[in-house]
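Novice: Here is what each chain is made of, one letter per residue.
4 protein chains.
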Amino acid sequence: MENYKKIIEDIYLDLKDVEDTGKIADYIPELAFVAPDNLGINITTINKESFGVGDFEKKFSIQSIAKILSLTFAYKLEGEPLWKRVDVEPSGNPFNSLLQLEADLGKPRNPFINSGALVVCDVLLSHLENPKEDFLNFCKEISNNTSLSYNEKVAQSEKSVGFRNVALCNFIKSFGNIKNNVDDVLDFYFHICSLEMNCKELSQIFLYLADDFYTTVKGKRILTMNEAKRINAVMLTCGFYDESGEFAFRVGLPGKSGVGGGIIAIHPDKFCMTVWSPKLNEKGNSYKGMLFLEKFTTKTASSIF
Amino acid sequence: MENYKKIIEDIYLDLKDVEDTGKIADYIPELAFVAPDNLGINITTINKESFGVGDFEKKFSIQSIAKILSLTFAYKLEGEPLWKRVDVEPSGNPFNSLLQLEADLGKPRNPFINSGALVVCDVLLSHLENPKEDFLNFCKEISNNTSLSYNEKVAQSEKSVGFRNVALCNFIKSFGNIKNNVDDVLDFYFHICSLEMNCKELSQIFLYLADDFYTTVKGKRILTMNEAKRINAVMLTCGFYDESGEFAFRVGLPGKSGVGGGIIAIHPDKFCMTVWSPKLNEKGNSYKGMLFLEKFTTKTASSIF
Amino acid sequence: MENYKKIIEDIYLDLKDVEDTGKIADYIPELAFVAPDNLGINITTINKESFGVGDFEKKFSIQSIAKILSLTFAYKLEGEPLWKRVDVEPSGNPFNSLLQLEADLGKPRNPFINSGALVVCDVLLSHLENPKEDFLNFCKEISNNTSLSYNEKVAQSEKSVGFRNVALCNFIKSFGNIKNNVDDVLDFYFHICSLEMNCKELSQIFLYLADDFYTTVKGKRILTMNEAKRINAVMLTCGFYDESGEFAFRVGLPGKSGVGGGIIAIHPDKFCMTVWSPKLNEKGNSYKGMLFLEKFTTKTASSIF
Amino acid sequence: MENYKKIIEDIYLDLKDVEDTGKIADYIPELAFVAPDNLGINITTINKESFGVGDFEKKFSIQSIAKILSLTFAYKLEGEPLWKRVDVEPSGNPFNSLLQLEADLGKPRNPFINSGALVVCDVLLSHLENPKEDFLNFCKEISNNTSLSYNEKVAQSEKSVGFRNVALCNFIKSFGNIKNNVDDVLDFYFHICSLEMNCKELSQIFLYLADDFYTTVKGKRILTMNEAKRINAVMLTCGFYDESGEFAFRVGLPGKSGVGGGIIAIHPDKFCMTVWSPKLNEKGNSYKGMLFLEKFTTKTASSIF
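These protein sequence lines are chains A, B, C and D, in that order. Heads up, the first sequence is in my numbering, so the first residue is 30 and it goes up one at a time. Heads up, the second sequence is in my numbering, so the first residue is 30 and it goes up one at a time. Heads up, the third sequence is in my numbering, so the first residue is 30 and it goes up one at a time. Heads up, the fourth sequence is in my numbering, so the first residue is 30 and it goes up one at a time.
Check before you lean on any hint, since a few could be wrong.
Remember, identical chains collapse to one label, so a pair may be satisfied in a single copy or spanning two.
Claimed, not checked - No farther apart than 16 angstroms at their CA atoms in a straight line, the calculated lysine to aspartate or glutamate pairs in the EDC-like style are these:
#1 Lys-34 to Glu-181
#2 Lys-182 to Glu-31
#3 Lys-324 to Glu-181
#4 Lys-52 to Asp-213
#5 Lys-88 to Asp-55
#6 Lys-35 to Glu-131
#7 Lys-34 to Glu-78
#8 Lys-324 to Glu-256
#9 Lys-45 to Asp-84
#10 Lys-249 to Glu-170
#11 Lys-105 to Glu-256
#12 Lys-312 to Asp-55
#13 Lys-312 to Asp-133
#14 Lys-299 to Glu-78
#15 Lys-308 to Asp-241
#16 Lys-328 to Glu-256
#17 Lys-161 to Asp-212
Hints listed in this document are in silico derivations from the structure and should not be mistaken for laboratory results.
The shape of chain A in the complex, shown without the other chains (with noise of 0.2 angstroms):
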């Protein structure tokens, strides 16, 4: 831990004097009121050791990095039935993921993009009796932080403009692969990622993506070391949408980032890093996330290829 706290700390400094050629992210119109200067990021080893520099104790909306903690629950629940509801292939650019829904009998490309997570929402729908409370708990267990919670606004926030997410759903509808109800199927999936985390939680809420040995307090598994190494596979072809290959090809770890600005990475047997800064580049992630993250992995030649 020692020599990485230092190298974080000077990325860190050198980053907060880069110029961010970043947009925050105001089409959730609850988003757009984030300062858009705030930079955290921590780290967390497999024995549990935590490192934060910056505004790694702030809260903020993890979005689309939820969907990890979603999929992780409907893998557990579902097994390996689950992958014939959705693919783990990278989708290509955005603007023909309807063309390839529809090429694809409604089946999406991959857990991450939207129609994907739709999917998976509903797949959770079907096992749980009280989706949000289960989920919530969950993830409460897995990390053992009964400090989570929902951000009611912003799921109604996203909700008032989410034409395109209702479009999604409705249309996957229409090729039978959303069982239950449409309107239950997005605010579910609404609620889900308008959940709030620091970088120092999130960096240790997915240590069971790092530690191959991964318990609960309580001792429990949460995935088999299989899963657990699948979902990692998922997360490096197909987390950052449409940059997904820049990542891996500048960063070399699995990772997800959410609109909120966040992003996580994991290295396998070593840690999870998680990196906060609400200003988004041109594909929708980070920009200094990203920027961070490729100093980091080459200055502590961490990549996992």
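Position chains B, C and D against the provided structure of chain A, taking the given hints into account.
Specialist: The following block gives chains B, C and D in isolation, referenced to the frame of chain A:
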């Protein structure tokens, strides 16, 4: 190595009896002559120990696997500006490829789809005096293997039916991203794909991607550590056409397939492995090759994730 | 009229014996109940003579034929600015429709594909106090036919399975080209499509497109001559989905089909004709309806070309 | 004719003063040399009266207008089986063309987009001994005009930059829908497009599409009445690329444009008209040509609708 041997032999024996639902590639007339029940496996570790079973010493047409070699050579000669000519993103399903090429104004999505490999050939043509000879010499040097050669019949066979590649090359030329004469680019491309090697030779020639400190017999580096890692990253996200995600998910190693039925896979810091079985699944990758590698990484827990 | 009668009767008798390779539309549950061997034909000339054979007095669901009526009403109320909201170009094959809508930033290609008809409904909602009632009154006025009504069962039936239309309407809304509430637009749309008429009524209600000097019983014009000609032009280029070119080629008249199996065709300055036969060809147009009209225009040399 | 003359002269004078927001086609080097302010108009009625204003006797490159002539010749030689090789549907917006060609397995959407015109040329090559000479003789015969000739410079100029057409032709060949040598098809195609005529000659050569009873000076029919009507139908639905619907909507006549700035329009049973003005709108059709024809058909009420 000793524990790998036993596992390889066991899976090999298993696979001999598995029914092969694949189909041999017959769109290139010359390739259709290969005996479909060939099955060869070879592993070479970074300390240069090598072990093979089955038809691991029979030469076959490596086809698209050669795209790693041309990419390596172009990256070495052109450096980072190479990525202005070709991107590093997975391409989504194949029927979008021309559409994407149009949307991306002639910049191929990655160097392993045909459009990208053609641009890589064009880059090489701009650097080399005698392209076909120089490329062969480069391959001989990195592998310390003087027996390498093109199969002229295969090259001509592919040229005789290669209308799609002619279309692709002219299409990219119309955007200005092919600088040399289209016929020269295609001739070079068809020759590169006609290279013949056996499993053992293949698992040796790609050691420079597994070993961070690899040097040729003359003591020269092929690529920097960082460059090699980047090529591994591109192989992981783009090496298996529309099945790249599936390969990462099931096998968990960077790799590359060819329509001749060969697959190579890299475990960074450990080994390079080749499997050859000519019958292809519907995505164009060796059916038994995929199966072998999935079983192997599961039994040896050697995924990079 | 006399020579038309004989020709119509002859073709009608011929067609009765032709094997119908079409299939009844069954995606709308309520439509699947119609007897598949219905066959009705009616012609009304601009001097208001009318002649019918077969099931020309049985009511059926006119479905997309109603899109001419909603377009007419919206054009009358909105004038030329209507064409800023919806284009007049044929749409190519259907699987591109969402892609094109994305490329065209939510402006549908024409008013006869579903996306365009939804925008037309949205325009009407912005003008009308009681949309469903007002639209019905408009139809009654232009046809001098007080018996027109929606089929509530069909409207509900379509709503229960209309996920694609819900998707489409939300998708367009995401581009800002739907101004009213999505549910209201869809409810109005499904009602319009549920209108029921028989062949005779249909061939009478569209006389305003055949007769340059048409006025209602109250002496009012529906559209200017120029406007009527433009609607005819849009019918010719876009009235038969992905078979519009084929219809122009084989039949040579402006027309419009519906999935209920009806087709209307206009010969400017001469007549309006309706054919009804519920079984559809693979492009979604009445199999025998197309056949009848081809034979009719060939025998009477009444193509507009 | 007399009332046409006055109207034509009036619109001509109006148009001289209208600012031309179009742009001359410069992708074919040789075409860029044409003076942009040329403006010529000619009408020929079916009783062979002809009237022209402005630059109606200057020759220009008719480009895609020649596709009507090659289609006519191929239809005459091949008959109805021609339509198994090329469809008659409008093509939607241009950037889908390759995608559609792939989805339709190499069958072009219509004979007026480049892919379709290439297939028509291929059909002609299969029938003709000396294609270029035979085609020119055919054109001379139907027009009774012995002065027709190819512009070799324009043909070569187009060949030197025609990578897209080379791509297209090879792509179709890969589906088996080009039977002859690709280079021969392209050479023939580029020559056909290089034909030069003036407005007067153009309005005379296409009289066979306006006059149901047209015969050559030797008393021969070019096409049957039914065949001629069908070509008119295809012109109406497909003659103006992605602006075909707009032309039908605004002008209301079958017609065909070329990137040289020419447009011909047919009024069945009445006349054939040519307008030439080299600057093109963004859809690739003559800006003033479209404007002239819209004004003309409005003032003369000569739309076919």
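Novice: Of the hints stated earlier, which fail here?
Specialist: 1, 2, 3, 4, 5, 6, 15
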